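From first to last, the protein sequence lines are chains A and B. Numbering (our numbering) for the first sequence: 1 to 530. Numbering (our numbering) for the second sequence: 1001 to 1306.
Derived from the structure by calculation, the hints contain no laboratory data. Predicted model, so just to flag it, every value in this text is computed and none were measured. Heads up, some of the hints might be wrong.
Claimed, not checked - With a Cα cut of at most 27 Å, we get these calculated BS3-like pairs of lysine-lysine:
1. A:K226 / A:K194
2. A:K213 / A:K194
3. B:K1159 / A:K121
4. A:K240 / A:K77
5. A:K80 / B:K1159
6. A:K80 / A:K226
What the hints assert, rightly or not - Here are the in silico distance ranges between beta carbons for each label pair:
7. A:S400 / B:V1303: 46 to 52 Å
8. B:R1285 / A:L362: 33 to 39 Å
9. B:V1303 / A:G22: 25 to 31 Å
10. B:R1285 / A:E230: 55 to 61 Å
11. A:R343 / B:L1290: 57 to 63 Å
12. B:R1285 / A:A283: 44 to 50 Å
13. A:R91 / B:R1285: 57 to 63 Å
14. A:S122 / B:V1261: 25 to 31 Å
15. B:P1301 / A:S400: 37 to 43 Å
16. B:G1075 / A:E210: 53 to 59 Å
17. A:A340 / B:W1155: 54 to 60 Å
18. A:S400 / B:R1285: 46 to 52 Å
19. A:E210 / B:G1237: 36 to 42 Å
What the hints assert, rightly or not - Sample of chain A residues lacking proximity to chain B, with all beta carbon distances greater than 10 Å (derived):
20. E19
21. G72
22. T191
23. P332
24. R399
25. D409
26. G464
Each residue gets a CB set at the ideal place from its N, CA and C atoms; glycine is no exception.
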Amino acid sequence: MDGTGGGRRQRPQGTALVEARGITKLFGSFKANDDINLSIRPGEIHALLGENGAGKSTLVKILYGSLQPSEGEILWKGQKVGIPSPSAARRLGIGMVFQHFSLFDALTVTENIALALPDRKSRSALAREIEKVSAEFGLPLNPNSVIVDLSVGERQRVEIVRCLLQNPELLIMDEPTSVLTPQEADDLFLTLDKLTARGCAVLYISHRLEEVKQICHHATILRHGKVVAECDPQKESAAKLASLMVGAEIHALSSEVPVPENTRTRLSIRSLSLPEPHPFAVALHDISLDVRAGEIVGIAGIAGNGQGEFFDAVSGEQLAATATAINIDGKPAGRLGVTARRRLGAAFVPEERIGHGAVPRLRLSDNVLLTRHSTGDQLMRVGVIDFEGTRTLAERVSRSFDVRKASSDPEAGSLSGGNLQKFMVGREIDRQPGVLVVSQPTWGVDAGAAAVIRQALIDLARSGSAVLVISQDLDEIFEISDRVAVMSRGYLSEALPAKSVTREAIGLMMAGLGEGRRSNGEELAHAHHS
Amino acid sequence: MTMLEGILLTIVTAATPLLFAALGELVAERAGVLNLGVEGMMAVGAVCGFAACNMTGMPLMGALAGIAAGMLAAGLFGVVALFFVANQNATGVALTLFGLGLSALIGDAFVGIPGVAVPRVNIPYLSDLPVVGRLVFGEDPFVYVAIALAIGVWWFLFKTRAGLILRSVGDNHNSAHALGFSVFRTRFLAVLFGGACAGLGGAYLSLVYTPQWTQAMTAGRGWIALALVVFASWLPGRLVIGALLFGAVSILQLHAQAIGVGIPSQFLSMLPYIVTIVALVLISRNRALLSVNTPACLGRPFVPDV
């Protein structure tokens, strides 16, 4: 796992390459950045840490010229500069790799890169240059591929190569490893080391403390738009960094009650196969999985490997070919719709909050009704809504999951992402469902809310429900799952006990080596060596 | 001139106005703007073209006036739909209604006046060849302009940097903005180009195709042009084929009516539209091709952050 060459990393000496002084950014009366000072030296990897909404993105956008600060100044190599636009930032020597890639799906690698370069050399000359740079930095790429056909890791390489072709002196990376397998992340760290060896500075935004400790020379920590600390991340413990980010100690999850053994299977998936519904979707191949009462099964995998299609098939948004492909508490449900599956005791929390899990323009009490209208809660009487009942229920969910809202029954869209996520998970857990299927339970949620949600999932399982969690966050998978399976290109590996499987093995399976379904440690090792 | 030669010639003339309008709309849609006002822009192009030609006696002035009128109308659309970010569908339909009404108002004075004949190209010897002579070397100048335009649009979109920027704006306007390209300027210019082409297509109707002015003479061709762009999967080469197909069916049904095939003429008149719709449905089944070429931001308004 050591992609850094080992040894302590010294922060390079020297004067600052870029310095932000007293940066304040107002959105209306909201201070997204409040008097921020930041200094980055040449050749260092400088971590910018903070929770969602701490102001990291705003600060980075100011440095990259896509936002203008309300107050404060930026110094580049000691000279005061204005950065009115991203192209001005690029001319200075600042490159940026975005978290949500800024690539054009319908264009080729070369075309995408040509768009970012100011000079107008021919496309074939550019393609040769792309091949040269990508080989030099260990980022293999085919210049003629269309972006839509590339994996997420390859897309990130396109972004990085695009920046490198402009010989940047500062490279800003926004959550670069959030979409990568552990192996891809290690490759990325090697590339970053090659860059810093040439004196390029990297501003590295992340909330993954372990990797920050592993690769970064220096860290600046933001909270509520302010710098709360600067430190050497290698000297601090991950727990200390986390408490600086959150401003309070996060209490550890407890699952002291052991997983009950030999309990009955509550969710059973048998040879589920589905063709892809459209060309950019993934077909599901012969998926079988049992989830027993009392346990949490986690499904890991990189985005876009069939998790969305799998969730749709299990929830009933997409019907299976046979009724027995999906069984809820022993009853065949493969040909039943979502509501019928809910009546069998199942509950579903989709990945997409707005539009899929909740209707933003409806009040919370109405959103409660959307999944609870026929689950025996008596919210409907001969087709008439019991508004008192829905309000009571919404209030109960809000209270037990600490959903913070501005009024007693606001529109769902007015809640922050984390609060809405707590509400959506709470809405289903409140039912005490026999089977809960949840996709990305803590996506874009801050650490405090994530802890609440994860604890609730564990408690639900220990009370006798079967819980299936689909997540791209490996830390989350290992934190809460009793067994782990990996989804790759529409295949699901065997579910292995979480305690006996290593992150490396999961990483290899995520990269596609678990596709025979029969993979075990031995075969993985074999596949790795061959 | 043989019967076959006559039919082929008229097919080309029926296809040309569609090709003009559809090429312009293709460029606008590649930039991510759905302008449903093609019919209206064609109508003002037709009446202004006819009026200018009638007053100066020069078809060239007519063509230029048609282009200018189409651009003015498109500029109006651009200001409302792009600058004020009004709903593109509603603005486009409004432009169509506005253009049809305005053209009727302006054209009132020109109803029933015969047009000025546009001379056909005549190359000695070549134009006198049998069948291909008139078809290849003896069309009116607009036809050659249309073909050059189709090639030019293809070259621009896929071979130049400006075309690449235009496609990138249509594919992902947020990324294009983040790279520092002006989404508004790109789209506004694309819409103006669309207006110029639609205006020229309209002028072709009143200068060459009919040639005279009658109210509502565009007869739904703007809508067909819109459909053709989709039918062609936003590819200029396919657009030429689509325009010729529509032209062929509309001419052949006329001949079928003349021969008297025993089908009510109303049904035959529907034929070009039905063929276009069927073709659209068939082409839509090839999802892979469509999804790579469909501009992902088509019809979506763009408002930059702060």
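Now for the hints, and whether the structure bears them out:
no.	hint	verdict
1	A:K226 / A:K194	32 Å, violated
2	A:K213 / A:K194	18 Å, holds
3	B:K1159 / A:K121	12 Å, holds
4	A:K240 / A:K77	32 Å, violated
5	A:K80 / B:K1159	40 Å, violated
6	A:K80 / A:K226	22 Å, holds
7	A:S400 / B:V1303: 46 to 52 Å	38 Å, violated
8	B:R1285 / A:L362: 33 to 39 Å	36 Å, holds
9	B:V1303 / A:G22: 25 to 31 Å	30 Å, holds
10	B:R1285 / A:E230: 55 to 61 Å	59 Å, holds
11	A:R343 / B:L1290: 57 to 63 Å	39 Å, violated
12	B:R1285 / A:A283: 44 to 50 Å	19 Å, violated
13	A:R91 / B:R1285: 57 to 63 Å	47 Å, violated
14	A:S122 / B:V1261: 25 to 31 Å	56 Å, violated
15	B:P1301 / A:S400: 37 to 43 Å	40 Å, holds
16	B:G1075 / A:E210: 53 to 59 Å	56 Å, holds
17	A:A340 / B:W1155: 54 to 60 Å	56 Å, holds
18	A:S400 / B:R1285: 46 to 52 Å	50 Å, holds
19	A:E210 / B:G1237: 36 to 42 Å	53 Å, violated
20	E19	24 Å, holds
21	G72	16 Å, holds
22	T191	22 Å, holds
23	P332	32 Å, holds
24	R399	35 Å, holds
25	D409	30 Å, holds
26	G464	44 Å, holds
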